[in-house]
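Chemist: In order, the protein sequences belong to chains A and B. In terms of our numbering, the first sequence has 48 at position 48, counting the first letter as 1, and numbering is strictly consecutive. In terms of our numbering, the second sequence has 36 at position 36, counting the first letter as 1, and numbering is strictly consecutive.
No lab work stands behind these hints: they were computed from the structure. Keep in mind that the hints are not guaranteed to be accurate.
What the hints assert, rightly or not - Not close to chain B: a few residues of chain A, all C-beta gaps over 12 Å, as computed:
1. 4
2. 13
3. 15
4. 22
5. 58
6. 69
7. 90
8. 97
What the hints assert, rightly or not - The calculated lysine-lysine pairs, modelled on DSBU-like cross-linking and capped at a C-alpha distance of 35 Å, are:
9. A:55 with B:78
10. B:24 with A:53
11. A:54 with A:68
12. A:1 with A:53
13. B:78 with A:54
14. A:1 with A:68
15. B:68 with A:53
16. B:78 with B:68
The beta-carbon is built from N, C-alpha and C at its ideal position, and this holds for glycine as well.
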Amino acid sequence: KNEVEQSPQNLTAQEGEFITINCSYSVGISALHWLQQHPGGGIVSLFMLSSGKKKHGRLIATINIQEKHSSLHITASHPRDSAVYICAVRTGNTPLVFGKGTRLSVIA
Amino acid sequence: DAGVIQSPRHEVTEMGQEVTLRCKLISGHNSLFWYRQTMMRGLELLIYFNNNVPIDDSGMPEDRFSAKMPNASFSTLKIQPSEPRDSAVYFCASSLDRVSEAFFGQGTRLTVV
């Protein structure tokens, strides 16, 4: 079973700061997902990627297949970015395996 | 489409009672996943279906848990009898197939007292 580790577990940032959240996994994967869970509890899929980099607005996700590592970056962070960010990986057709999440608080 | 719809949003029940959680998939989606989220263990897969057929139920904690898909657009997760350790948020998610992006419902927060 793939082991997914996220760091940091908790992160507090000032509004405007550049934020990086890391995800490492133990076994080669077919896809990696970044999810966002807001304080209300709903989960939203941000990215699904298997190589390279994807960008959506102020969010950028990168993955290094050789190093089994992905990063989620948030530029010009804002209090509304406060949420739990969850990394999840898939190997072949197997279901997603989730990290424990990174709790981000952005202070105005 | 309104997205994945779960009901109820919150459920408080006494230990020993039967609990039924419901999920309506996005129209056209063929895969359905039930997850449980706790502070200690994070998100865990309980069971998933593909084309109404259960594919992997190895995450179901014990026989007290059962899940069904009576049709292509609806699923239930039942706990009987419920125990306090079942308290968690239960999420349902659907996707076009097993490997496509998953869309999550808002979750059901279950408290067993």
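Chemist: Residue 4 of chain A: least C-beta distance to chain B exceeds 12 Å?
Modeler: violated, 9 Å
Chemist: Does the structure keep residue 68 of chain B and residue 53 of chain A at a Cα separation of 35 Å or less?
Modeler: The given pair, whose Cα atoms are some 38 Å apart, is violated under the 35 Å limit.
Chemist: Over 12 Å to the closest beta carbon of chain B is the bar; see if residue 69 of chain A clears it.
Modeler: The claim stands: residue 69 of chain A keeps its Cβ more than 12 Å from every Cβ of chain B (closest is about 19 Å).
Chemist: Is the Cα-Cα distance between residue 1 of chain A and residue 53 of chain A 35 Å or less?
Modeler: holds, 25 Å
Chemist: For residue 24 of chain B and residue 53 of chain A, compute the direct alpha-carbon distance and say whether it is at most 35 Å.
Modeler: Holds, because 33 Å separates the two Cα atoms, which is no more than 35 Å.
Chemist: When you look at the beta carbon of residue 13 of chain A, is every beta carbon of chain B farther off than 12 Å?
Modeler: holds, 22 Å
Chemist: Do the alpha carbons of residue 78 of chain B and residue 54 of chain A lie within 35 Å of each other, as the hint requires?
Modeler: The hint is violated at about 39 Å.
Chemist: Within 35 Å, alpha carbon to alpha carbon, are residue 1 of chain A and residue 68 of chain A?
Modeler: holds, 14 Å
Chemist: Beyond 12 Å from chain B, beta-carbon-wise, is residue 97 of chain A?
Modeler: violated, 8 Å
Chemist: If we take the beta carbon of residue 15 of chain A, is the closest beta carbon in chain B still more than 12 Å away?
Modeler: Holds: least Cβ distance 27 Å, greater than 12 Å.
Chemist: For a C-alpha distance cap of 35 Å, please report whether residue 55 of chain A and residue 78 of chain B respect it.
Modeler: Outside the cut-off at roughly 40 Å; violated.
Chemist: Would the pair residue 78 of chain B and residue 68 of chain B pass a check requiring their Cα atoms to be no farther apart than 35 Å?
Modeler: holds, 9 Å
The earlier numbered hints that this structure contradicts are 1, 7, 8, 9, 13, 15.
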